[in-house]
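Modelling step: build the complete structure from the supplied sequences, incorporating the hints.
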Amino acid sequence: MPVRVNTSDAAFLAMLQDRYAGFVGSSERAEMEFDIDLTPPRVCDPEADVHVSHYQGRWLLERGDFRAEWSPDTRSGWIRQSANPYSIDAVLRIVHTLVLARQGGFLAHSASAIRNGKAFLFAGVSGAGKTTISRLAPPDATLLTDEISYVRKQDAGYVAFGTPFTGELAKLGENVSAPIAALYLLAQGPENRIDPISSAEAARSLLANVLFFAEDEELVQSAFHAAFDFVSRVPVSRLTFVPDSRVWELIR
Amino acid sequence: MSRLYVARNPRVAARSLDGEMMIMSGRDSTLFTLNKTATIIWQNADGATPLDEIVERRICVEFDVERNAALEDAESLARELAGHEILQISEEPIPQRKPNVGESR
Numbered sequence: 001m002p003v004r005v006n007t008s009d010a011a012f013l014a015m016l017q018d019r020y021a022g023f024v025g026s027s028e029r030a031e032m033e034f035d036i037d038l039t040p041p042r043v044c045d046p047e048a049d050v051h052v053s054h055y056q057g058r059w060l061l062e063r064g065d066f067r068a069e070w071s072p073d074t075r076s077g078w079i080r081q082s083a084n085p086y087s088i089d090a091v092l093r094i095v096h097t098l099v100l101a102r103q104g105g106f107l108a109h110s111a112s113a114i115r116n117g118k119a120f121l122f123a124g125v126s127g128a129g130k131t132t133i134s135r136l137a138p139p140d141a142t143l144l145t146d147e148i149s150y151v152r153k154q155d156a157g158y159v160a161f162g163t164p165f166t167g168e169l170a171k172l173g174e175n176v177s178a179p180i181a182a183l184y185l186l187a188q189g190p191e192n193r194i195d196p197i198s199s200a201e202a203a204r205s206l207l208a209n210v211l212f213f214a215e216d217e218e219l220v221q222s223a224f225h226a227a228f229d230f231v232s233r234v235p236v237s238r239l240t241f242v243p244d245s246r247v248w249e250l251i252r
Numbered sequence: 001m002s003r004l005y006v007a008r009n010p011r012v013a014a015r016s017l018d019g020e021m022m023i024m025s026g027r028d029s030t031l032f033t034l035n036k037t038a039t040i041i042w043q044n045a046d047g048a049t050p051l052d053e054i055v056e057r058r059i060c061v062e063f064d065v066e067r068n069a070a071l072e073d074a075e076s077l078a079r080e081l082a083g084h085e086i087l088q089i090s091e092e093p094i095p096q097r098k099p100n101v102g103e104s105r
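The listed protein sequences correspond, in order, to chains A and B. Numbered by the working numbering, the letters in the first sequence go through residues 1 to 252 in order. Numbered by the working numbering, the letters in the second sequence go through residues 1 to 105 in order.
Worth flagging that the hints you see were computed from the coordinates, not collected in a lab. Among the clues, some could well be false.
Claimed, not checked - Okay, the calculated bits of chain A under chain B, using three or more residues with CB under 8 Å as the criterion: (1) 192 to 201; (2) 208 to 216.
Stated by the list, open to error - To list a few chain A residues with every Cβ distance to chain B over 12 Å, as calculated: (3) D9; (4) Y20; (5) D45; (6) T240; (7) D244.
Stated by the list, open to error - To give an idea of the interface, some chain A residues facing chain B are shown, with a C-beta separation under 7 Å as derived from the structure: (8) V220; (9) Q221; (10) F224.
As the structure is a computational prediction, the values presented were derived from the model and not from experiment. Heads up, the beta-carbon is just placed ideally off N, CA and C, and yes, glycines get one too.
Listed below in structure tokens is the structure:
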């Protein structure tokens, strides 16, 4: 979803172009737009929670290091932050969860990659192995993200898109997409194996990995039902793996 | 002793899958999976049927349990679910709104 960022600060713009390299394109195609209001750097609590609220048709986003506003009607907003890449990155993640929820999609804590024209998602909490399995990906696999998967509903299925939202691997995904062929719930163990799981466990596990920021009933309802629809259309299994590249022999 | 009425909170999202009832709080997106007794209470919580009737007609039949003990457990469970804002409880019948399109029961 193309985003136009308006700033008069050349150094900040250059920093964004560098951070989002591979995802930078023509601003004519923008589907959302933000004006950046840069403030002097200040000390912030790195553990501060995000607060997202809905007020008179606009979303207000707030964390220790930024304040932002997003209007779904005009698809525009502003971000007030210091000249750092992390604040705008957080705002873009949050706004995408808001936009995707209304379209039947979501962001999920999962790595994702394309192989043989099909996208595979690898979901799990921190430490489950998202970064490890991304690092082990063979040359013919295209990494979409090692941290936050971008999932949109399209026709009768779901499509995963590459994102510049990185995790520990600190490597941007590729700006490509593919239909999702499977979602694997990651577990590390003594051997590589794929085990079936019940639909209920699949839905429960996916919901545990969907990103929720807004305390908003309508959005929760949308994401909740999207997760159930997803598991009714996409095979979900448990992938147990040892940390070596042979696990990818199972992913085709 | 007054009767207790129970009603589903329309502000939660709910789905049943593989016999498991899952409910997500619209307030803070906490996910709950109901056990069998809680599922029966949830499914019959129409705001008009008293909890003791739900216990007698559904829970006692389903689990072959003694009425008074089952009712005591059900009331405790209903109050716990109300504490999570999954259910509404009242000593009077609770009027229900029509569900929105897409809501599941």
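Can we trust that A:D244 is non-interface, i.e. its beta-carbon lies farther than 12 Å from all of chain B?
holds (34 Å)
Checking C-beta pairs, does the stretch 208 to 216 of chain A have three or more residues closer than 8 Å to chain B?
Coverage by chain B holds here, the residue count being 4 at a Cβ distance below 8 Å.
Taking the closest pair, is the beta carbon of A:T240 still more than 12 Å from chain B?
Its Cβ never comes within 12 Å of chain B, the nearest being 22 Å, so this holds.
Holds or violated: is there a CB of chain B closer than 7 Å to the CB of A:Q221?
With a minimum Cβ separation of about 5 Å from chain B (threshold 7 Å), the hint on A:Q221 holds.
Please check whether the stretch 192 to 201 of chain A has three or more residues whose CB lies within less than 8 Å of a CB on chain B.
holds (count 3)
Taking 12 Å as the cut and beta carbons as the points, is A:D9 off the interface with chain B?
Non-interface label on A:D9 holds, nearest chain B Cβ at 36 Å vs cutoff 12 Å.
Is the claim that A:D45 lies outside the interface with chain B correct, judged by CB distances over 12 Å?
The claim holds: A:D45 sits with its nearest Cβ about 21 Å from chain B, beyond 12 Å.
Holds or violated: A:V220 as interface residue toward chain B, Cβ cutoff 7 Å?
Status holds, d = 5 Å.
Evaluation of the interface hint that places A:F224 against chain B, nearest CB under 7 Å:
At 4 Å from the nearest chain B Cβ, A:F224 passes the 7 Å test, so the hint holds.
Is it the case that A:Y20 keeps its Cβ farther than 12 Å from each residue Cβ in chain B?
holds (28 Å)
In this structure, every one of the numbered hints holds.
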